[in-house]
Each structure stands twice: as C-alpha cells, then as structure tokens.
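Using the hints provided, position chains E, C and R relative to the given structure of chain H.
4 protein chains.
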Amino acid sequence: MTEIVITSEITVELIDTMGGDKSVSRAAWVRKDFTPPTPKSTTEGVIGTMMEKRHGTPFEAACFQFHVHAPIKVWREHHRHRIGWSYNEESGRYKTLEPVFYVPPRDRPIIRPEGFKSMNPKFNTILDDGEYEGMVREMKEAYADAYNTYELLLAKGVDRGLARDVLGVGIYSSCITTCNARSLMAFLELRTTEETAKRPSKPLYEIEVVARKYEAFFAERMPVTYAAWVRGGRMAP
Amino acid sequence: MTEIVITSEITVELIDTMGGDKSVSRAAWVRKDFTPPTPKSTTEGVIGTMMEKRHGTPFEAACFQFHVHAPIKVWREHHRHRIGWSYNEESGRYKTLEPVFYVPPRDRPIIRPEGFKSMNPKFNTILDDGEYEGMVREMKEAYADAYNTYELLLAKGVDRGLARDVLGVGIYSSCITTCNARSLMAFLELRTTEETAKRPSKPLYEIEVVARKYEAFFAERMPVTYAAWVRGGRMAP
Amino acid sequence: MTEIVITSEITVELIDTMGGDKSVSRAAWVRKDFTPPTPKSTTEGVIGTMMEKRHGTPFEAACFQFHVHAPIKVWREHHRHRIGWSYNEESGRYKTLEPVFYVPPRDRPIIRPEGFKSMNPKFNTILDDGEYEGMVREMKEAYADAYNTYELLLAKGVDRGLARDVLGVGIYSSCITTCNARSLMAFLELRTTEETAKRPSKPLYEIEVVARKYEAFFAERMPVTYAAWVRGGRMAP
Amino acid sequence: MTEIVITSEITVELIDTMGGDKSVSRAAWVRKDFTPPTPKSTTEGVIGTMMEKRHGTPFEAACFQFHVHAPIKVWREHHRHRIGWSYNEESGRYKTLEPVFYVPPRDRPIIRPEGFKSMNPKFNTILDDGEYEGMVREMKEAYADAYNTYELLLAKGVDRGLARDVLGVGIYSSCITTCNARSLMAFLELRTTEETAKRPSKPLYEIEVVARKYEAFFAERMPVTYAAWVRGGRMAP
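Chains as they are written, first to last, in the working numbering: chain H, 1 to 237; chain E, 1 to 237; chain C, 1 to 237; chain R, 1 to 237.
What you were told as hints is all true, and nothing was included just to trick you.
No distinction is drawn between identical chains; accordingly, a pair holds when it is met within one copy or between any pair of copies.
Distance condition first, Cα-Cα at most 27 Å in a straight line; then the derived DSSO-like pairs of lysine-lysine:
1. Lys22 x Lys213
2. Lys156 x Lys95
3. Lys202 x Lys213
4. Lys156 x Lys140
5. Lys202 x Lys156
6. Lys198 x Lys53
7. Lys22 x Lys202
8. Lys53 x Lys22
9. Lys140 x Lys95
10. Lys213 x Lys198
11. Lys95 x Lys22
12. Lys202 x Lys95
13. Lys53 x Lys95
No wet-lab data here; the hints were simulated from the structure.
Since the structure is predicted, the reported quantities are computational estimates derived from the model, not experimental observations.
Isolated chain H, as found in the complex (with noise of 0.2 Å):
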C-alpha cells in the first residue's frame, strides 16, 4: 500500500514567453497613423490608449506558457476559458497517477458562516487548530483510502480510465498552458479578487493560488501592459 502525500503548495513555473510590451506597441503601430510623434506615441502612451480603447488584438501579440502543478479541481474551472488558451494536460488514461493530494494550508478561510449567499461568497472564519487538524485528517484518510482502492483495480488490470474514477478532485495533475496576453488579462480579471477592481470577482482560493502566479510573471515580463491594466480597474481590453 502506497504512502500518499498531502500537501497545500500549489506551483507555477514560466517556461517560455513570445515578446512583450513592445509586441504590443509594435502591433498597435501597424493598426494606427500616430505620426506625427505625439506624447501619446511612446510605448506607455500607446499601451495605455489601446487599453483604454479597448482595442484588444494588439495584446494578442505577446504570448506566455507555464508549468502548472494543481489540483483537478482547479483544472476544471482553468479549462473553462476557452478562447485564446491551450491546454497540454497529464492523462488519467494513459499515467497512473502520482498518490500526491491537496489539503488546505492554514490560513485559508474555509467555514462558510450562516446567510451564505451562493453568488456572494464570503469565506472569512479561520478554523481553529483543532478543526483544522481534524479536517485534514479526515481529508487525508479519504484520499488514502481512494487511493488504495484505485491502486487495487490496478493491480486486477482494469484500466486507468475507469479505475480513476474514485480518486477525489483533490488529487494533483500537471499542465502546461500556453496563453497571450489578452487572454491571460481576461483569466486574472475572472480569477483573483481585488478592492480596486472595477468588476469584482469572488473566485476559488485555490485558482486565485494559481492567478496570483501568473499575475506575478505578466507584472515582471509586461510591466507597462500590467500598469495600464491595473490602473484601468483590472479589466481585459
């Protein structure tokens, strides 16, 4: 019987990127007449019409892709955006899964306090260390025993597509996404939760886990896009 592993750590890694800022005003440019040169002519000036404007395809032009390590849970709302957005996915046909599983980290708000309103999520009570301790333990035992039986019908040869079916959504799976600019705004502005944002959002911890990351290469890789982008309320152009 497999030991399984329990963890909260949730990674992403850049591991290429097409252009930049400058993709975008070089886009931008092939769009417009800005001659002759105006403030407005700069790479920060263009940047900034553009997504004032509107006008998205010019951030089309900068394209990142990274190496996720997430649980499946947050594969099924991340494969939701379609648009602008590849997917190379570990299989649970063609792998044996690794017994490796999410429990929240401590500090994650989890207790859903009375009135909770579907559309309207407000997850602020902590647990306290002995439910907190109690629920992993509970968690851990689920996913142990899913994992037993999973390896069991292995062993029998059914086949992985069919003897996954009872590990939980919980359990880790990689992926490489390959997104552009554009979209990867569209998926931060859905997918974090942030005072300043003109449309707020109320996403999962854990895909916000996984924004937050992204939103930390883009804000390196692109800090004139990522300006103009949080200073327009965190909205895709």
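Okay, now just chains E, C and R, sitting in the frame of chain H:
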C-alpha cells in the same frame, strides 16, 4: 449517513435545435454560384460538395443543445473541446453534489491486456461475473466513504468548493451543451471508434456513450449532412 | 456596359433563432442552486444576476442567424469578430459580383473636422446639398469605371478572383451570420455608440447600421436579457 | 495627383517565435507516459505519434509572428481563419492608405478555361505578352483613377472610413499575424495546393504566395514537426 446511488446510465436529451440540412445548403448557396441549376444544386449535391471540398463554415449554420448527465471524468474530456461548444455545468462550489456515482455496465471491456500500449489501447477482455461484482463492490465502497467524508465536512461548515475535493471523478454532474453541426462532427470524429473511419480514434468508453447518443440525434435531425459525413469517412469538414 | 446601382440601404433579416431568455435561465439553473425559491429565482432575477456577476456562458445558450447585405468595408470589420460568430459570405472567386455600390445617406456625418484625432473621431458636420451631391457623383463615377474594368477583364477570360481586385470596398456583399446572445452583446458593445454605455465606443457609421438592426431583433426576442444588458451599461458579460 | 505604385510582390517577414519542436514534445510528454524509454520516446517519435493519432494540442505550444504585406483581397480570406490566429492590420479609418496596388506576376495562371467549374477551378493558361500587358494597363488605370478620387474626397475633408470605399481590394495593407503551429498547419492545409496532400485544396493564387512563405519559415524552425506533417499528407492534427 446518506445512501449513495450507483448507476451505469449516462443520459443525453436533445433540448433545442436551430435549423438543419436546409440551413447548411442555404449558407452554402450564399457563398457560391450554383446557377444555372445542375445536379449539384440540390440540397444533397451542395452538402456533398461542401463536405468533400472541406468548406466547413456552412455546417456552422445549424445548432444543437443537449442536456447531459455523466460522470465528471467525461466532462474532463468533453470540456477540452473549446471551439464551437458552450457549456453550463453544475457547480461544485454553489451546489451540494448529489450522491450519484458511476460504475461500468456489465459488458464494458475493462481488463487492460498484457502489452498494453498507451497510445493504442485495446480493451477487449470482459471480466467474469465474480470479478465484475468484486470490482463494483470496491468502487461503491470507495464512493460511499468519500461521500460520507464530504457530508461530514459540510456539516462542520466547510465550504463546498473545498469539501468536494474528496469526491471521485466518478460522481455525476449535469451539463447543458450547445454546439453547431461542424463542432459536433469534430467531436464525433474523435470520440467514437468506427471501422469505417478514415482516421480511427480510441476514445474513452464513457465519452463514446455520450458521442453515440449525440450521433443518433444528429443522424435524425440532419440526415443529408450525416450521410455525407459517414460517406466521407467520418471526417469533420 | 452594365449600369451600376448605388444605394445607402444596408439590410439585416433575422432568418433563424434558437431559444431566448428561457434558455439563458435554464442554463444558469443547471449551474447554481437557487432553491429554495427566492426573488432571484425568477427568470428576471437569474438573468440579472448572471449579467451583473459576469457569468457569461448561460448567454451562449440562445442563438441568432441573420442575412445581411452590406458593403465589403463592413465585412472587413465584422469578420474580425472571431469568437462565437460564423460567417458564410458571397465569394468573389466563385461568383460574379453584382454591380451594387454604397454611397452615404444624406444625413451621415462625414466631414472630418479640424483637429481630428484618430483614436477619438468626431463626425458631427454635415455637408450642404451641393457638396453632398458632388461627393456622391464622384463616388458613383469611380465605382462605375471600376466595374467597367471588371467586366472587361472577365470578358477576356480573366478569373474572377483576379478581376475583382479593381472593385472598391464599397461594393455590396451578402453574408449569413450566426452568433449567440453573448457574442452578439460583445459585438454591440463595440459597434454602437451610446451615451449610457459604460465603455463608450466610436464605431464606423456603416457597421453601426448593422449593429442597430441586430440590436432591434435582440431586444424583441430576448427582452429580459436585453434590459439587463442595457441596465448594466451595455457591457457584454 | 499622386503617382501610384503597382507591384506583384507579396512579402512575409518572421518577426518573432516561441519554442519549436522541443516545445511540442515537452507538451506531449506531460500528457502521456512514455517511460520506460522506447524508440517512440525521442522527439521524432513523440511528434510522429502525436501527428498520426491527431493529438493536436501539443502543436499549440509553439508560436510564430509574421509581418505580412499583401493586397486586401488576401486579408479578406486570411481573416476567415478565426481560431489560433491574431491579427493587427492597418486601419483604413485611422490611416491614409498608401497608393500601392497589386498586379499579377507574369507567370500567374489567369485565364479561366472553358468549362470552368466554380468548385474545382483550374487555372493553367498563361496570357501571351500582349494580353498580359493589356491587362496590367487596365488594372493600373482603374487603380489610379480610384486613388485619385480617394485623394480628392480626403482633400474635401471626407473621413477616411468613407473615402476609401472607392479603393479596390487590390490595394496593399500590412498586418501582423500571430499563430501557433497547429493553427498554421490548418492554414497551410487549406491555402496551398500540393499533389501529395491527402485532401487537395484549390486556394487563391495570392494567398498561396503568403502560405508558401509561412511554410518555408515553419519548415526551417520546426523541421521535425514539418516532416511529420508532410509525411502524413499535409493534414493538420
């Protein structure tokens, strides 16, 4: 402790449509000059020519909407069809998931034979009665334990988006899917296995169940397009 | 020598639909748990919530199909809407294009005022009668000369895909367009100009003519969705 | 009166890329279990298998960006490729279009033979010298007249988005195009004509010029993928 339901039934209901073969030929006629009338200028002729020459856009002129009840593992694959597909699936964050879980039907080929090759899976061995019953018992037990933990966590006030992590991908979920005849053919090409297909595919058994039910509705509603697609080796234009 | 036709009329005919407001609320209900019934659980309530919270996918559950007759310059912009739009347009390779050309209606604002800024165009000046007639005469003459050359080349046996190179983008072309309520709202947000819009747009006059005709059909067929969209500042969810 | 330029040159410049064959095999490896190492586990083997089995998503992991200068009639067709393609094209509303127009090169097959069938065009007849020169003269004259009218209207203050209506689709326009290896193969499959193609296509001459230049960059940057695609009959996975 809630009694769970296990079932092998996967259902597809056709809930709405737009147009059909006539929509395809009308769309094709806008594009081309088929006058003066020739044998090709009938609906059959036009659709046959469009299919053969891979003019795909006229097939986007007819739409289908389905209500599908299937295990999450099916949705995991289905949602990867990004283009020409719209999805509205039950949310595990906003709803308490019902205790309905998948077990394979008696005649599903399940034993991974010796020499299994991941990219060319062959599932032709059937379990004997005792083996089948043993497997179902194992799966049911794992599902029931997981659902028990799920309810326990919910009872403590843990939010649904976290508690569901222990639930296996064999749990059922409902989804309304919307597509057009072109995106439907692309789905069927990949998600059915057929001797006569020019580009054979090896889909997961359970997604093929969905695909076959889609195919029956497609054949009934768009007989001319369907016949042309089969004749052409089941390749999406 | 063929007599050309000049016209200012741009037509949109609704030729098919799938579903409407009820399709949106049905799709939304699959996703969420609105029971026990609350004020929000009416069609109005559900659609309002979906729009406000930017849950966009339920709006993909209703479809529209139009037959549009418009100048090529309109298609040049329209075809840039890639997602959730299908097109079947007259082919200039397979058909001999008809001699129908666009001239602006008497009340189209046309004079580029002093200090014109490309990203913030203001067209508020109207020509006087003589200027307008002069302009129309110039355009008509240019169209007629071009069409004359087109026919001359065709008569020599030059293929249509080459001979049409001389025809101006003011020539008319027919197209069947298919979309869903979500992609339609995204189009209307960008292709209409309205005081009450949260994110104002400055579309080309002629594409706004198409957009306004789309909008009238949309308002009539999906009054609840339309009202929620207007109330929310004409932003696509 | 501005002197117009006529040319047969259509140019494609590769301005940026992300990844290549290695990106494809890395994306494929995430999905499948190719261990223990087999002949298939090399980059060649993995890419060959992905192509043959039509696992298309790994090919979305490598990107290309081009700067293309081509007549508007080419853009009319190119923009119809909606998925996996981003465009930033010169605007006829915001820029005054330059007086550069297309005429066919001497060796372009142009005569529509007797018995021309629209869905199966054959262009194998070449004009004699006198005919060719006559045709070019006609085209140039039509272009020059139209451009003259364009400038006249602009001089009167007519906005560019209206004045350009008289300009033929043979006028040149610049566009930055961004795609991935999968969407590029889909483009090449439809926009080149090749004896060895499993599904032959009859593209417009001028778009094939663009496609062939894309193809050369593709072959150079991704030799393993390119070879597998050619071997498989030039069908996009």
